[in-house]
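Enquirer: Spelled out, the chains give:
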Amino acid sequence: MLRYIIAFIMLALPATAEEVVLGLGKVGVAITTSFDGSDVLIFGAVKREAPIPEGDPLEVIITVSGPSEAVTVRRKEKRFGIWVNVDAVEIDEAPSFYAVATSAPLRDVLNDVEDLRYKISVPRAIRSVGAPMAVQDAGAFTQAIIRIRTKSDAYQLLENGVSVDAQTLFQTSIQLPAALTEGEYKTRIFLTRSGKVISNYETSIDVRKIGLERWLFTMSRENSLLYGLMSLAIAIAAGWGASAIFRVFRL
Amino acid sequence: MQIYLPIAEISVNAFLLLGLGGIVGILSGMFGVGGGFLMTPLLFFIGIPPAVAVATEANQIVASSFSGVLAHFKRKTVDLRMGTVLLIGGLVGAALGVVVFNYLKAQGQVDLLVKLCYVIFLGVIGGLMFIESLNAIRKTSKGATPKRKKHNWIHGLPFKMRFRVSGLYISVIPPLIVGVLVGILAAIMGVGGGFIMVPAMIYLLGMPTKVVVGTSLFQIIFVTAFTTMLHATTNFTVDIVLAVLLLVGGVFGAQIGTRIGVKMKAEQLRILLAIMVLAVCGKLAFDLLVMPFDVFSIAAGGH
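For the protein sequence lines, the chains are A and B, in the order given.
Take 1 as the starting number for the first sequence in my numbering and just add one per residue.
Take 252 as the starting number for the second sequence in my numbering and just add one per residue.
Careful, some of the hints might be misleading.
Stated by the list, open to error - Output of the computed footprint for chain A on chain B, the stretches with three or more beta carbons under 8 Å from beta carbons of chain A:
id: 1; stretch: 289-303
id: 2; stretch: 306-316
id: 3; stretch: 447-458
id: 4; stretch: 486-499
Hints listed in this document are in silico derivations from the structure and should not be mistaken for laboratory results.
The C-beta atom is built at its ideal place from N, Cα and C for all residues, glycine as well.
Just chain A, same shape as in the assembly (with noise of 0.2 Å):
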């Protein structure tokens, strides 16, 4: 099942710079029980009253990342013969999503400062602030992270993923897997000329379970002893009814 939410953004315009001031959209995905990955469209269009600037023509970065959440990575090991948990590095924030698409190849349209201060690419969107003294590597557990999501289609790089028009349209697909977690998803649309950021806009797409969904999660949380006894209940009142239905036919 596709669908297709759109984001639309408009970009005006302080009379010299290439700014973003405002965007708005119906923007949300909404998990049914048939929820099988969806499609994200983001386009936009950057106006402006100066003619465009010489140069290094624009370049545009379309992040979307999901809500973040301490993880534990562990590392197993060989010890007595038996491959063992052995080193845990925690995580302080990792998101449960993180897509980067870009206009060029990362390296072209970013450079290292930038990317350091608005965190865009992959490794910079996870933090790790300490891992415990006896880890001496600590940077392959961030790695392993990425590299387990990314083949999970969790953690997402679209480098040449955003297609970008006169310098003024722009528009990029971001597919949200099956297995996706609820919450905001904090979507930021970078420009940028030569490796600099010129502006940036912030705006976030809502993931939310409805309906039959909705319900069951809630009472699991709120009424977790009424959702369990009605677990069994369902389980006894099956269980009954295959037995029923043997009986009559005699099988």
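We have chain A already, so just place chain B on it with the hints.
Expert: Relative to the frame of chain A, chain B by itself:
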């Protein structure tokens, strides 16, 4: 047909889950095992978070065991009194198990401890059972009447009780201990513990194989129901949508399994169970000894 699971927060194929539930249900009805030891790893494999798989699996076992036990009641192969004694032990064990589970989860060693115990337990139990039932099959094919050992140290213990359906007069202490141990396993791994329980009932308690299956299912219902409630209220990890998909297959499978089991000889049933136990043991041992696909793993939450 893809269905999004509200608690597991992942989208899965509904028919795949129905099929898995059905296969595991058949085993459940045949052998008196819950089938969780097979189902839980399969759920991990399709990407269900471990905590959700363990809790939800307990709920599914309630359904397939209930379905199976009804079929056994009709054939009068359930020892209610023995089941109750095992159950009392089982509930105590399940409560202990959840505490142990939460503690180990915080340590990150949950996998290791459980797997090590399992490999040892399963290897020993499966091996002994395989040899015993093979011998029994050889003897019966030669025409000799199979004899079960009637007296061992267990019969010397106090607090004796008469279990009519099983034809036993033994102390209540061994069934209580068996119950506690199985309860702990049930809570930790989300398994009913049937494949530890069944051999223990046959060999330690000396119950007839036919009665063992129904009685095991009877007490598994209560232990797993208790486990489900504990997980639902403390960890919020029971996924009701996942459970429904699994148990629809499971309840029908259990009915079919019971019918297959009744038609088989006791030794044949035992040897098949032994093979299954050994296979699970082999798989777990393989995972521990062979280098994992990725030495890194991610768990939600900090310390």
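Enquirer: Does each hint fit the structure? Answer for all of them.
Expert: Here is what the structure says about each hint:
1. 289-303: This one is violated; 1 residues, fewer than the three required, reach chain A with a Cβ under 8 Å.
2. 306-316: holds (count 6)
3. 447-458: violated (count 0)
4. 486-499: holds (count 8)
Of the numbered hints listed earlier, those contradicted by the structure are 1 and 3.
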